[in-house]
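Taken in sequence, the protein lines are chains A and B.
Taking the numbering used here, the leading residue of the first sequence gets 1, the next gets one more, and so forth.
Taking the numbering used here, the leading residue of the second sequence gets 1, the next gets one more, and so forth.
A portion of the hints provided could be inaccurate.
If chains are identical, the list can't say which one is meant, so a pair holds when it fits in one copy or spans any two.
Subject to a maximum C-alpha distance of 27 Å in a straight line, what follows is the list of computed DSSO-like cross-link-like pairs (lysine-lysine) [stated by the list, open to error]:
id, residue 1, residue 2
1, K369, K243
2, K34, K151
3, K2, K67
4, K2, K266
5, K142, K340
6, K309, K28
7, K86, K283
8, K283, K63
9, K34, K142
10, K34, K223
11, K151, K63
12, K124, K142
13, K151, K124
14, K107, K283
15, K243, K294
16, K350, K283
17, K331, K142
18, K151, K223
19, K294, K63
20, K86, K142
21, K67, K369
22, K86, K266
23, K89, K151
24, K89, K142
Hints in this document: simulated from the structure, not taken from any laboratory.
There are 2 protein chains.
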Amino acid sequence: MKSPHIVVIGCGFAGLELIKHLNKSPYKITVLDKNNYFNFQPLMYQVASGGLGADAIAYPLRKIISKMPNVTFRMAEATSVDLNNKVVKTSIGDITYDYLCIATGAKTNFFGNEVLESHCMQLKSIPDALDIRSDILQEFEKALSESDANKIRRILNFVIVGGGPTGVETAGALAEIKNHVIPADYRELDPSLMRVYLIEASPRILSAMSEISSIKAEMYLKKLGVHVLTNTAVTSFDPAHGKLNLSDGRTLETETVIWTAGVMGKTIDGIANHLIARGNRYKVDQYNRLEGYKEIFVIGDVAYMTADKDYPNGHPMVATVAQQQGRNLAKNLLRLFYDKPLCPFRYFNKGSMATIGRHKAVLEIGALKVQGYLAWFGWMFLHLMLLVGFRNRVVVFVNWLWSYFTYQRAIRLIIRPFESHIR
Amino acid sequence: MKSPHIVVIGCGFAGLELIKHLNKSPYKITVLDKNNYFNFQPLMYQVASGGLGADAIAYPLRKIISKMPNVTFRMAEATSVDLNNKVVKTSIGDITYDYLCIATGAKTNFFGNEVLESHCMQLKSIPDALDIRSDILQEFEKALSESDANKIRRILNFVIVGGGPTGVETAGALAEIKNHVIPADYRELDPSLMRVYLIEASPRILSAMSEISSIKAEMYLKKLGVHVLTNTAVTSFDPAHGKLNLSDGRTLETETVIWTAGVMGKTIDGIANHLIARGNRYKVDQYNRLEGYKEIFVIGDVAYMTADKDYPNGHPMVATVAQQQGRNLAKNLLRLFYDKPLCPFRYFNKGSMATIGRHKAVLEIGALKVQGYLAWFGWMFLHLMLLVGFRNRVVVFVNWLWSYFTYQRAIRLIIRPFESHIR
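All chains should be modelled from the sequences, with the hints used to inform the complete structure.
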């Protein structure tokens, strides 16, 4: 009997977990990803802020797949799907499938504002993170060749929009750069001229966590010198003058806006619009099957499931949901093969966390809510465990140890200068 | 009394050594470099071949300079010099000097062939190295989506032109990729389809070393499967068809030509042409003073000195000459300050070495000539010692240990895909 062919589009948290659990299964699997590496997004802000190198958080997919005899990897972009003929069209040609798993993940949501989209920096890919890193370092160099204090202030204004974990962690890292890197490396610059703003439209940052975590995180950020503006939205941006207008009437002058205010599913051409729900996510049933299709599954950020009774408006777009859906789908595909009934997906929320800076983090596991030292060590320990690959764990651990004792950011190289479009 | 102002253009081996030895001197020093890092060129081929990350061999200049109270760093490109007004024109404005030190180094020499220049890869900067790395990995991915064996062969033909240390080391690293990485990561590819060519116009590779070293190096390369073509020059290149024509009548079909066949000084506008000697280097006297100028010094690859009696045709363009000239110039600038007579430069040749692969290297120190295991360990030890910064030493050492035991190349990520112009 011929093995059914599964095509998996995207090898992030969901896709990777799926193929891991179908290793040595009776399926023939082809995984497509436009990158040849798995990208550990939770630590990407540390690449952006110069704490880690890209190779510390990216892991070669071929290395993972080299141990999987039934899995083939192709570095390719899936451009569209032809549902009738069961074909995925890709940058390297057409690939037919028996089962299709869409795990394309999410992209930054600028809510339709094209000015913001083309002028803000974002943090969804490794090149994004490297661009942010280069931009920050370039702004410092630029400030040194400027004599007008107002211009220096504007060059050194860094604005982060969105008070979710990525925004909070990026703001904290930038504040630590202000406090430790500027005095050491840029002694001619007055560190007080650098300002870090965190803009959040809702009443509190980390709004997915409990109130105590939000309050503590805000307190930590303020202690580090971050200007946290809650209940404040970006109303418009004038890139020609670097002016960011806020809903409270304030205008911030800046050359760097990092947009972390929202994500949306990354859809693919060829699937009818009525299957797309809010957040640009595909409607799926409790088995992650695309509505109306028995052979198409959608997992991770791009899946919108309302059948899980604790999450009637869909699951949060986070790594743990993606991993659990990948795992559940692997189980279900095996059950399908052996003609057993499928298991519905139920999300088990393991908790959430965010780190703000040295000894400053918030951590929630069920009813347990911890802040400060313990949360910070917990955050580091859990991230080390979650990283893929022994080498990456060692590299990240050594870098963290080094940064802890030296107060430095190891990677402050401008390898590929970033061309800003502001002003 | 006002401190005289020294402007140093370029912070490679020569410039770095110069400022290190003028730390806390009575001079005020401004160092310019277009990068914010010092780049340890001898290990760059390992970045290109995925053995090391860029941050392992690049070292932040600001970190070095943070300990030097009389030295200022500016990330800037010097565009020209106005010798009459003692001004350096740069990308961030004009800078006046009392003494000027030109340490701009060298660039790849394509001997005027523009086709080669615009279609070959080179290995003189970190972005160059990252491009080569991406290109190699992209060729492997491309070969996987190709079914025509002839096309696969051509995609997997890698040609290195120039049998100096850089060419030899790059060829050896590529051969190890063929032997160890392809079978592990690209199991659908037949490794025998990959070919590595090393083209050298003179009768032997490593011609700056003794004949025994050349013979051994060629033997090692052949053992690894490299096709070494000596007495062979590139006559022309047809990028539209990826055809590289050689002087022996042969034509190699390839998409990747790495050009390491020559270097030339990197000159700067504003200095008269009659001061430029062969190799595009500035004529200097025995104190590294630009001919006819008491306040301008040229050190490193871009300096052409005929006064050193052992080197009547100029010194070799290597790191040790640059470092020794930097050190000697620092001494002379201090002697100048205290009105003492200057010391002429004499190059002390500490020896030379090249590594070909695991347990395979050649090393010459004076009359001592070693090959094989001992040379290989010697090569590694000396490079670790020469690296700048404790962190980089540790990172390189750990990576080497890891590669030694796993036979893998750690960094096989295509972060910024390279756009080839061939075919």
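Checked hints:
1. Proximity of K369 and K243 under a CA criterion of 27 Å is satisfied in neither setting, with 39 Å inside one chain copy and 66 Å between copies.
2. For a Cα distance limit of 27 Å, the shortest separation of K34 from K151 across copies, 23 Å, qualifies, whereas the shortest one inside one copy, 40 Å, does not.
3. Taking identical chains as interchangeable, the C-alpha atoms of K2 and K67 lie at most 27 Å apart only when both belong to the same chain, with a minimum of 22 Å there against 68 Å between chains.
4. For a Cα distance limit of 27 Å, the shortest separation of K2 from K266 qualifies neither inside one copy, at 32 Å, nor across copies, at 63 Å.
5. When the C-alpha separation of K142 and K340 is checked against a cutoff of 27 Å, the pair qualifies neither within a copy, at 64 Å, nor between copies, at 40 Å.
6. Taking CA atoms no more than 27 Å apart as the test, K309 paired with K28 passes in neither setting, with 34 Å inside one copy and 71 Å between copies.
7. Taking CA atoms no more than 27 Å apart as the test, K86 paired with K283 passes inside one copy only; the shortest distance there is 19 Å, against 70 Å between copies.
8. In this homomeric assembly, K283 and K63 never come within 27 Å of each other (Cα to Cα): the closest approach is 33 Å inside a single copy and 52 Å across copies.
9. With identical chains, the CA atoms of K34 and K142 are at most 27 Å apart between copies only, with a shortest distance of 13 Å across copies and 34 Å within one.
10. For a Cα distance limit of 27 Å, the shortest separation of K34 from K223 qualifies neither inside one copy, at 41 Å, nor across copies, at 36 Å.
11. With identical chains, the CA atoms of K151 and K63 are at most 27 Å apart between copies only, with a shortest distance of 25 Å across copies and 48 Å within one.
12. Taking identical chains as interchangeable, the C-alpha atoms of K124 and K142 lie at most 27 Å apart whether they share a chain (26 Å) or sit on different chains (26 Å).
13. In this homomeric assembly, K151 and K124 never come within 27 Å of each other (Cα to Cα): the closest approach is 30 Å inside a single copy and 35 Å across copies.
14. Taking the shortest alpha-carbon separations for K107 and K283, only the intra-copy value of 18 Å comes in at or below 27 Å, while the best inter-copy value is 56 Å.
15. Taking identical chains as interchangeable, the C-alpha atoms of K243 and K294 are never at most 27 Å apart, the minima being 50 Å within one chain and 51 Å between chains.
16. Taking the shortest Cα distances, K350 and K283 sit within 27 Å of each other inside one copy (24 Å), while across copies they are farther apart (70 Å).
17. Neither within a single protomer nor between protomers do K331 and K142 lie at most 27 Å apart by alpha-carbon distance, with minima of 54 Å and 33 Å respectively.
18. For a Cα distance limit of 27 Å, the shortest separation of K151 from K223 inside one copy, 26 Å, qualifies, whereas the shortest one across copies, 61 Å, does not.
19. Neither within a single protomer nor between protomers do K294 and K63 lie at most 27 Å apart by alpha-carbon distance, with minima of 32 Å and 59 Å respectively.
20. Taking the shortest alpha-carbon separations for K86 and K142, only the inter-copy value of 24 Å comes in at or below 27 Å, while the best intra-copy value is 53 Å.
21. Proximity of K67 and K369 under a CA criterion of 27 Å is satisfied in neither setting, with 39 Å inside one chain copy and 43 Å between copies.
22. Taking the shortest Cα distances, K86 and K266 sit within 27 Å of each other inside one copy (20 Å), while across copies they are farther apart (57 Å).
23. Within a single copy, K89 and K151 get their C-alpha atoms only as close as 49 Å, which misses the 27 Å cut-off; across copies the closest is 23 Å, which meets it.
24. Proximity of K89 and K142 under a CA criterion of 27 Å is satisfied inter-copy only: 17 Å between copies versus 45 Å inside one chain copy.
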